[in-house]
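Colleague: Listed below are the residues making up each chain.
Number of protein chains: 2
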Amino acid sequence: MVDTTNASCVLVREPLPVQGVRLSSGRAGLYKKPRPDLVLLAFGEKSHVAATFTLSATAAAPVLWSRDQLANTSHARALLINAGCANAATGAPGLAAAQTCAAQVGALLDVPSHHVQIGSTGVIGVPLDVAKIASALPALAEALTDDAKAWSAAAAAIMTTDTIPKAVSARVNIDGHDITITGIAKGSGMIAPNMATMLAAIASDAPVAGSILSSLCQRVTQASFNRVTVDGDCSTNDAFWLIATGEAPIAPIDAETDPRLASLEAAIEAIAIHLAQKIARDGEGATKFVRIHVAGAANAQSARKIAKTIAESPLVKTALAASDANWGRVVAAIGRAGVAVNLDKLSIDFGTHAVVRGGLVAASYDEAALSAYLRGENITISIDLGLGAAQDEVWTCDLTHGYIDINGSYRS
Amino acid sequence: MVDTTNASCVLVREPLPVQGVRLSSGRAGLYKKPRPDLVLLAFGEKSHVAATFTLSATAAAPVLWSRDQLANTSHARALLINAGCANAATGAPGLAAAQTCAAQVGALLDVPSHHVQIGSTGVIGVPLDVAKIASALPALAEALTDDAKAWSAAAAAIMTTDTIPKAVSARVNIDGHDITITGIAKGSGMIAPNMATMLAAIASDAPVAGSILSSLCQRVTQASFNRVTVDGDCSTNDAFWLIATGEAPIAPIDAETDPRLASLEAAIEAIAIHLAQKIARDGEGATKFVRIHVAGAANAQSARKIAKTIAESPLVKTALAASDANWGRVVAAIGRAGVAVNLDKLSIDFGTHAVVRGGLVAASYDEAALSAYLRGENITISIDLGLGAAQDEVWTCDLTHGYIDINGSYRS
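The listed protein sequences derive, respectively, from chains V and G.
All residue numbers for the first sequence refer to the numbering used here, where the first residue is 1 and numbers rise by one.
All residue numbers for the second sequence refer to the numbering used here, where the first residue is 1001 and numbers rise by one.
Any given hint could turn out to be false.
[Said to hold, decoys possible] Only pairs whose alpha carbons sit at most 25 Å apart, straight line, appear in this in silico SDA-like list of lysine to any residue:
1. LYS1345/G with ALA57/V
2. LYS305/V with LYS1032/G
3. LYS1046/G with PRO1017/G
4. LYS1345/G with PRO127/V
5. LYS1305/G with GLY91/V
6. LYS1032/G with SER371/V
7. LYS1305/G with GLY338/V
8. LYS1345/G with LEU95/V
9. LYS1345/G with VAL126/V
10. LYS1345/G with GLY91/V
11. LYS1132/G with ALA57/V
12. LYS1345/G with GLY338/V
[As the list claims (entries may be wrong)] Chain V stretches covered by chain G per the calculated footprint, using a threshold of three residues with CB under 8 Å from any CB of chain G:
13. 252-265
14. 320-330
15. 394-403
Keep in mind that the hints were calculated from the coordinates and are not lab data.
Virtual Cβ for every residue (Gly too), placed ideally from N, Cα, C.
Let the hints inform the model, and build the full structure from the sequences given.
Modeller: See the structure below:
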């Protein structure tokens, strides 16, 4: 299966193996129901790793641990992710638990424990059952493989309320060699990243210097995961890891000015955008994917702010769920975004339907046609503020009864 | 029926007449269903009026009109409020419609049109049908009365998705005379005031100078309507009018240092708090009233910011709807509020139940007891940040299927 969301590279929906990454998944039993909940990734010696983490002031123990280890180095040799327990609001015992997990992975893989990254997702405030993880780890270490199927299994094992696993690959030709990039992500609720999304990892066999990987990781985050918002609720556990194993037989990319960096970045960005949009599409209870594009802004920050305010408005989202052409709620959301706007210059389109021109209902407005459009599964809301040249885009979903059901019964 | 929410005065739930205010309500036909939708209030010659309006950058035409008229004066002689049409995102024609309404009221009451305030609530983006209002106005002008029952009728006529009319009175003795204060309000959804709430008017027969009334209005707004948030969606039409008719036989209150101002302010504030809490209690689809108190903050702004972030978190609100003791979502909301916190110093209580101490689950935590508490209709969440002496409080409700139903079908 092939997707063509990005012109510069072709996305492959069946994940491809990445040389230099071995991985496996299994069940530690953090969930009551019998489902996989633990993923181990091991990276070759030449690997560099960068990451973006949640900006939450109550960041979870695994975030505190992982951020600390990557603060002054781009070296990491493993990443352990568990679902079923966020290990957040667990105090010093929680931090010790993350540390113990890292030590056990380190011992099994013969790498320093501070080269082990940890990611957790699940219920907040519940102690992490380290014994269960310790029992499951040896089998996972034993099962590490570079087989493509392990990526699909990993994407499934990190799911929480996700309804579909999220994995995708791309190939990009650099210096006559096919560079492979594969990414996995999880996220469905509590999605309003300040820095990344719930949990994502994208690995490539490209040789990229650590000094470059970090800013590359930031740029990709901004263009992808930071554009998603399901419910405005930013997680304590958000993390996105970018791994470059360096196994591909091309000369290292070690300067920002290296023209090959742009090709690689475009492909990584395409993967990240694909995963990010999948998260919005799989938002808790979602029936519609909604793209909100704001143009004509004085600056990109204003455009983002307005797009996010619309995307997080419960009134906009409930109207979309009901396919109700109540576009006045979009005007109200624009008005409360904290950005100066001139209503007389405002245009709003839903898909190709002109809705607002010069701040009031467009002459060609046709409610029946708009309602028909809103019954579709893919909605684009385009705003033109008429104030400048800057633009930005945010992705979200509608707010339905499903969201209430999922989040009323999440822990049961 | 008597309430005792405020020690300094007694609230009376059956509204009392206010000398110097005559009012009436009726039907202009802005709603399809046969229900009242138009309220006219007339104030005596000695009246002073102040107001706070929405901070929305897409404020509705009636707000633009009313704000303009009160910009440099405290004189107003009438207030016309309609439900069924917000007259927002209606451009120059919308502003002309508000102006025409003011002119017609002015002509009927023999007062200058710029002494007529206008408030509208209802669907955004729909032109206001001025002809319908013009047809209904003469009968309303004819029916103006100082009868107490007219206040209850007015509270009912300004409702939109409100399930109960909101009206309350208080009496406070100043200089040996009973001063009467009566307030009405409407609001249920799109409630996250930046300045006021949907629509509210509080009138007193006290003689208060215009120069004092304006700051009094601001302080009362901050202590009451600005503490409510149902869904984070701030309206284009928010407005709160404070009217002092000056008919009571006491010397004018014309200095901030006048000790009688404190008594009057306490009573007006009690009325405003009562109305504001009623709005939260009557939030769209709400089954629970939720009080979020944040103490131990470095400053009041931080406390308010954290309280509002918790109050607007869909994940907190859905857990409350389901009576689920998923308190980790409160920790997550605190973390994303954009305020520096020290998790190790954080305490959280639900009612009298200790939940978090020092950033992790309290030793005495009893989930069964907490779940039982959460099944009640009145929930208090108390946060202590352990960082300072400042505190603040916000009122909200839970997020239920009812919210989705109401907002999916609002226009039909």
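Colleague: Against the structure, test the hints numbered earlier, and report the numbers of the ones violated in rising order.
Modeller: 2, 11, 12 and 13
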